[in-house]
Amino acid sequence: MSLPRVHKAEVVKMTGIDISESPDLVAVEEPLEIRIGYGATHQREQKAISVTMRTPGNDFELALGFLFTENIIAGYDQVVSIQYCANVGKQEERENVVRVELRPDVKIDFDKIERHFYTSSSCGVCSKTSIEAIKTGCSIPVSDLIITGDIVRQSPGQLREQQQVFEYTGGLHAAGLFDRNGNLVLMREDVGRHNALDKVLGACLAENKIPLADYFVMVSGRASFELVQKALMAGVPILTAIGAPSSLALKLAADFGMTLCGFVRKDSFNIYCGRERITN
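Just so you know, we're using numbering that gives the first Met the number 0 here: the sequence shown kicks off at 0 and counts up by one.
A hint or two may mislead.
[What the hints assert, rightly or not] Cβ pair distances, simulated, as ranges:
1) Val141 x Val11: 53 to 63 Å
2) Val105 x Ser19: 33 to 43 Å
3) Asp104 x Ala8: 44 to 54 Å
4) Ser267 x Asp23: 30 to 40 Å
[To be verified] Below are the DSBU-like pairs computed for lysine-lysine, each with C-alpha atoms no more than 35 Å apart in a straight line:
5) Lys265 x Lys7
6) Lys265 x Lys250
7) Lys106 x Lys208
8) Lys12 x Lys265
9) Lys106 x Lys89
10) Lys106 x Lys46
11) Lys208 x Lys250
12) Lys46 x Lys208
13) Lys208 x Lys265
14) Lys250 x Lys106
15) Lys12 x Lys46
16) Lys89 x Lys7
Worth flagging that the hints you see were computed from the coordinates, not collected in a lab.
Bear in mind the structure is a predicted one, so any value in this text is a computation, not a measurement.
For every residue, glycine included, the Cβ atom is placed at its ideal position computed from N, Cα and C.
Using the sequences provided together with the hints, build the complete structure.
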């Protein structure tokens, strides 16, 4: 059984003085608990480290991307298995809990993590206690990637064409991975913008594509500090956004030599830092 990604709702539509009732589709939002199994072979332990509100689908990728961008795992080779928890409550709740079994030699410093990891669809970084702690794991992208302005301008249209659930609901964020020729290689949707990116990065991690030195990433909505941090963790040299970046996102991108673009449209965009990777 797979959880649905859209929900049918009855709405009352008001147009001027006219009122009508009609069915509509809304994006599904469900909690996903991420658990890890860790420790020596003879003394395995289990710990829930995150609850995130997400759109069902690509949950294993989401869990992998989250663990990687939170510096809990360094690569897919540290993962033994990943599955839904079969012993959780009702049948319909089992796909809301994912367990990732880590290799016995993976060391986890829970004190360093500094929080229990509660994230919501609107904000993933709000509860972190130290901005400096978030930078852990970020590094300057080692890449010779250069793309044209035309490639940047064409990417929103490609991303939008692949957003199937957004087409029905208008309620999801998206993240897309593009190659140096501007081809959309991978796209994921979610109610949370950081979840959408985690799904993309988790898929790349499972395919051993990270670091993503030969790719650029586009996100719908704004470019937040956390999205820049996640992209840097994966070695992404260029991050583009349909919306605006925040001041902290811009500072982090500039500090680590990332190219950051915002307000990307079919006829224009802004380069906030890293101009050398974009050509006319």
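Structure-based check of each hint:
Here the CB-CB span from valine 141 to valine 11 is close to 55 Å, well matched to the stated 53 to 63 Å. In this structure, valine 105 and serine 19 break the distance hint of 33 to 43 Å, their C-beta atoms being roughly 57 Å apart. For aspartate 104 paired with alanine 8, a C-beta distance near 49 Å keeps the hint of 44 to 54 Å intact. A hinted range of 30 to 40 Å holds for the C-beta pair serine 267 and aspartate 23, which are about 33 Å apart.
With a CA separation close to 33 Å, the supplied pair lysine 265 and lysine 7 stays within the 35 Å bound. A distance of roughly 26 Å separates the Cα atoms of lysine 265 and lysine 250; the hinted pair therefore holds under the 35 Å criterion. Annotation: proposed proximity of lysine 106 to lysine 208 holds, straight-line Cα distance about 23 Å (limit 35 Å). About 32 Å separates the Cα atoms of lysine 12 and lysine 265, which keeps this hinted pair within 35 Å; it holds.
As the CA atoms of lysine 106 and lysine 89 are separated by approximately 33 Å, the hinted pair is consistent with the 35 Å bound. A C-alpha spacing of about 14 Å is found between lysine 106 and lysine 46, which places the hinted pair at or below 35 Å, so the restraint holds. With a C-alpha separation of about 27 Å, the suggested pairing of lysine 208 with lysine 250 holds against the 35 Å cut-off. For the hint linking lysine 46 to lysine 208, the alpha-carbon distance of about 28 Å falls within 35 Å, and the restraint holds.
At most 35 Å may separate the alpha-carbon atoms for a hinted pair to count; lysine 208 and lysine 265 meet this at roughly 29 Å. Only pairs whose Cα atoms come within 35 Å are accepted, and lysine 250 paired with lysine 106 is accepted, the gap being roughly 31 Å. About 46 Å separates the Cα atoms of lysine 12 and lysine 46, which puts this hinted pair outside 35 Å; it is violated. The suggested pairing of lysine 89 with lysine 7 holds, with an alpha-carbon distance near 23 Å, which does not exceed 35 Å.
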